[in-house]
Amino acid sequence: MSHQLGDSHSQPTERPQRRYYLDWLRVFAVLLLFPFHAAAIFYNGELGEFYLQNDRTSLVMDGLVLFIHQWHMPLFFLLSGAATYLALSWRSPQQYVYERMQRLLIPFGFGILVLVPPLVYYHLLSNPSYPNSYLQFYPQFFNGIRPKGNFEWGHLWFVIYLFTFSLLALPFLLYLRRRRAHWQTKLAAFIEKPGAIFWLAVPFAVIEAVLRPRWMGFQNLYDDWANFCLYLLYFICGYLMSADCRFAQAIARHLRAITILAAAFMLVWFGLWQTQSVPERGYSLSYMLYQAFRGANTWLWVMAWLALGQKYLNFNHPVLRYASEAAYPFYLLHPPVLIAIGFYIVQWNAGVMPKFWLICTTSLLGTGVLYEVLIRRYNVPRLLFGLKLLSRPATQPSASSSPDA
11 MSHQLGDSHS QPTERPQRRY YLDWLRVFAV LLLFPFHAAA IFYNGELGEF
61 YLQNDRTSLV MDGLVLFIHQ WHMPLFFLLS GAATYLALSW RSPQQYVYER
111 MQRLLIPFGF GILVLVPPLV YYHLLSNPSY PNSYLQFYPQ FFNGIRPKGN
161 FEWGHLWFVI YLFTFSLLAL PFLLYLRRRR AHWQTKLAAF IEKPGAIFWL
211 AVPFAVIEAV LRPRWMGFQN LYDDWANFCL YLLYFICGYL MSADCRFAQA
261 IARHLRAITI LAAAFMLVWF GLWQTQSVPE RGYSLSYMLY QAFRGANTWL
311 WVMAWLALGQ KYLNFNHPVL RYASEAAYPF YLLHPPVLIA IGFYIVQWNA
361 GVMPKFWLIC TTSLLGTGVL YEVLIRRYNV PRLLFGLKLL SRPATQPSAS
411 SSPDA
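With the working numbering as the guide, the letters of the sequence shown map in order to residues 11 to 415.
Cβ-Cβ distance ranges computed for the label pairs, FRET-style:
1. Gln63 <-> Gly159: 17 to 25 Å
2. Val379 <-> Asn326: 19 to 27 Å
3. Pro213 <-> Trp358: 43 to 51 Å
4. Arg156 <-> Gln286: 23 to 31 Å
5. Ser287 <-> Val329: 38 to 46 Å
6. Ala199 <-> Gly361: 52 to 60 Å
7. Asn326 <-> Gln63: 35 to 43 Å
8. Phe325 <-> Gln63: 36 to 44 Å
9. Pro141 <-> Gln104: 49 to 57 Å
10. Phe228 <-> Thr285: 23 to 31 Å
11. Gln104 <-> Gln194: 23 to 31 Å
12. Gln286 <-> Glu382: 41 to 49 Å
The hints are simulated quantities; they were obtained by calculation from the structure and are not laboratory data.
This one's a predicted model, so the numbers in the text were calculated from it and none came from an experiment.
The beta carbon of each residue, even a glycine, is placed where N, CA and C say it ideally should be.
Could you put the whole structure together from the sequences, leaning on the hints where they help?
Shown next, in the form of structure tokens:
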């Protein structure tokens, strides 16, 4: 399925053909947030403590969190970059910037005021001695930045990073849209060679090896250079892969090798984790090699999902049209729903797995009900949650209404 870059003029061209497997993968990535964040309640490890902590942790939950964490957000940013190519193919730069502001900044501001404070409140409330009601707490949310204060942007870090990348990379992306850069054409030709797709793991491995020992991953935007550079590169790679079909073709040809290597790398990584053989953090050769290995592992898993998606998910469906529109509101809304439900479930006298599955299912159901009843049908909530406004009642949202497109 071929995508062609625009001509040398600055006007947007006609819409390229949509790659439905990218939409399915975006929906999959959003739905995966429910088990990921539910498992985080039962996790105890180097990634830090979640808003809620069950009194009993679980090795299975630890493994699930660490497995998903390896590739989940890189996949999100790559899919966002791919959708950016689609958006710039039929929007002018001015339309694109306006659309980014509407779809990202408005939900970000709304989320900071409405969606994130409950997360911090329930975290404080998990301490039985915390005395304040939510109304008493709310003004205190803006007093200082965590960990010294209460203010944070929670899961909205992805939104503000994506907005920053969308503007920061725009001149470069417009250059690629106006003319096929010589190096881009040579890169696509190189990728066509057998095994060449694996060399694309090198820059990601280098970023992890050089930057991760210093910046472990606190997403504050201004002092988070490992994540910033890594996610920006995935964002640009997503754009490039959508701009030239030879990337997707190379990934599809290497499906078996990619999935085998991804599984092997992950097994080795789990072995290091389970045997407590991960080197101590710092600029030592062993730790930098370990982080380079992690970077390659992440790349392999992102490529594996793309390869599997091309093979099994490249089709349209009414479910996809609905889910593509719902994905962004689900991303924004699910944490306060999950934390509010989880706060009460963790207090029950039950095992880890029953609590985990109950939190997953009820938070997914609760988020879906809130979306359907309060958001999908009304323009003001649609604006606040980054959706296109309805000109008339819609029964079948278009897949192109995905907020990343």
